[in-house]
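Asker: The lines below spell out each chain.
There are 4 protein chains.
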Amino acid sequence: MNVAVVGYSGPVDRPPVCEIAQVCVELGTELAKNGYTIVCGGRDGVMELVSLGARRVNGTVIGVLPREEEGNPHLTVKIRTPFDNVTRSLVLIETSDVVVSVGGEVGTAIEVLVAYAKGKPIILFVGTGGWTDRFAEVLIEGRFLDSRRNVAVHKARTVREILQLLEAMRR
Amino acid sequence: MNVAVVGYSGPVDRPPVCEIAQVCVELGTELAKNGYTIVCGGRDGVMELVSLGARRVNGTVIGVLPREEEGNPHLTVKIRTPFDNVTRSLVLIETSDVVVSVGGEVGTAIEVLVAYAKGKPIILFVGTGGWTDRFAEVLIEGRFLDSRRNVAVHKARTVREILQLLEAMRR
Amino acid sequence: MNVAVVGYSGPVDRPPVCEIAQVCVELGTELAKNGYTIVCGGRDGVMELVSLGARRVNGTVIGVLPREEEGNPHLTVKIRTPFDNVTRSLVLIETSDVVVSVGGEVGTAIEVLVAYAKGKPIILFVGTGGWTDRFAEVLIEGRFLDSRRNVAVHKARTVREILQLLEAMRR
Amino acid sequence: MNVAVVGYSGPVDRPPVCEIAQVCVELGTELAKNGYTIVCGGRDGVMELVSLGARRVNGTVIGVLPREEEGNPHLTVKIRTPFDNVTRSLVLIETSDVVVSVGGEVGTAIEVLVAYAKGKPIILFVGTGGWTDRFAEVLIEGRFLDSRRNVAVHKARTVREILQLLEAMRR
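Note that the protein sequences, when read in sequence, are chains B, H, W and P.
At position 47 of the first sequence (counting the first as 1) the number is 46 in numbering that gives the first Met the number 0, and the numbers step up by one without a gap.
At position 153 of the second sequence (counting the first as 1) the number is 152 in numbering that gives the first Met the number 0, and the numbers step up by one without a gap.
At position 26 of the third sequence (counting the first as 1) the number is 25 in numbering that gives the first Met the number 0, and the numbers step up by one without a gap.
At position 164 of the fourth sequence (counting the first as 1) the number is 163 in numbering that gives the first Met the number 0, and the numbers step up by one without a gap.
Any given hint might turn out to be false.
If chains are identical, the list can't say which one is meant, so a pair holds when it fits in one copy or spans any two.
[What the hints assert, rightly or not] With a cut-off of at most 16 angstroms between alpha-carbon atoms, the simulated EDC-like pairs for lysine to aspartate or glutamate come out as follows:
#	residue 1	residue 2
1	LYS119	ASP96
2	LYS119	GLU67
3	LYS117	GLU136
4	LYS117	ASP96
5	LYS117	GLU67
6	LYS77	GLU67
7	LYS77	ASP145
8	LYS154	GLU67
9	LYS77	ASP96
10	LYS119	ASP145
11	LYS154	ASP132
12	LYS32	ASP132
13	LYS154	GLU166
14	LYS117	ASP83
15	LYS77	ASP43
16	LYS117	ASP12
17	LYS154	GLU140
18	LYS117	ASP145
19	LYS32	GLU166
What the hints contain is simulated information worked out from the structure, not anything from laboratory work.
Bear in mind the structure is a predicted one, so any value in this text is a computation, not a measurement.
Please construct the entire structure, taking both the sequences and the accompanying hints into account.
Answerer: Here it is, written out as structure tokens:
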């Protein structure tokens, strides 16, 4: 099962990324340990930390890169595209079976909404800030991102809860 | 100046579109009368009503269509693409100088966020429901869609206010 | 009917473009006079000359632009895209009903082959050099670009012959 | 090093694919044995045979799939895209360092030309028919696909020659 992790870009040692660094590394490690392939945008920020965590336990990390981007050093598969950040995100989401959202600015928000539009389940890692928490506040009936109600959006407060939700989906 | 109008798709005689039908036609007419070129997704719903309004006064309406879509009958320029709804929206937004959002489900939300990511000013036609009103509620400092604050998001309650905002941008 | 004109890019006063400049302007003028909407890549070279010719008689010229490109000054509709030259060509071809090829390097060759893949009729303006003449030499059974034979490729030696072929297609 | 293999699609037990089946499997096996990651369109025909050959020796095969395509059973990494065959080919080529062309109809021809446009070296496996042999006939100065001469196109008659060329590029 391919799990996309989307979230803040930016330097890993500066806010807002540094504030959630540990939990991102843990998320990567636990996803990899449990046999999930991680798909991400391949760049810095949350993407880099999750990739790092996965690589510590020899996991597979696919990075779908925008044009002229080398990607972080922890990717096991680099998919280069001729596209800008937004267009390449469409490939990233299509390649994933489920999306985990961690913090994030507008690019992350687009990825979550594209996932929803494509009927892919979403897990909001609440408490990580940015659009992840903003989406959690505006969910329709606590579960949907628009009135078509085409796929459920889940909230998780810990890495453990994320894994439990994924496990239930895998069955 | 190219003004994108994004919003609900769906039949124009059924909710939620029928409830805002008159104001959508009026928006199309007034944009065209004031010399704006309208860019839209070319399909039904808000797109069709705005196109209809613009054609009544001989305006120009560019429809950027997804694959295998004929478009509504009021378009003056049809841009066909080989893409799905979301991918074709990237062309729609890039071609626009400013985006007006009217109601809307997740597809509209993606278009608004892509506009923001690209630094295009946005006008939320508040009171029209859907993601337009949802965005109005979660704006950071009442004006931004993420903490990078890269372009202002405006709110308007009437067609007249929309025209005033556009006029100010045109100068 | 939307007629794509694809061909050499580059400065219009230098070879190879300057050698076919007059006939390109004439092509633009005659297409516009006969009521065809011209679709092109919107840049310099053959695109600029055809656009110029069309504008002399008040024709409509749609330019489908790659990212960060302003386009030549003769376009009546500018479609901006977030894409590189090749990706934007996919939109250009999809928007066209038939493609006229004039000279051209590898970018033109891609546009002709994409048209063929999409089942759009092609007119090779033979004698204009580049891939247009190269395709003319390798046609299967003098008419096809691969063994699937899914759409006919025509050869024309003059602007008049191009117009006759288009007229026959329009009927 | 990522090596794209492009070529005929279609059933592997029917012409023209069945006529080159053995050599395609051998190509996949030898590329994998020599440590190359294979990138392909992930579908049937040459893609399937090369994937099969690579999997026999535990190689890595990335398939970049068009929308709603499951891919052949030998892929180790499936990259799903929301795109049609042509648009997804742009990702396939961008992800590759060099392209090997085997037979092929118009889709293959587009992939070879996109590679050339992007400055990626190309190896034509001559004698395999289709556009691979057609390109070999029209090369400018025996080496280029247009007069810009931006990257060399090589010809190889055997799998061994392909490996020698790749080895020279790797250095």
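Asker: Provide an ascending list of the numbers of those earlier hints which the structure does not satisfy.
Answerer: 3, 7, 8, 12 and 16
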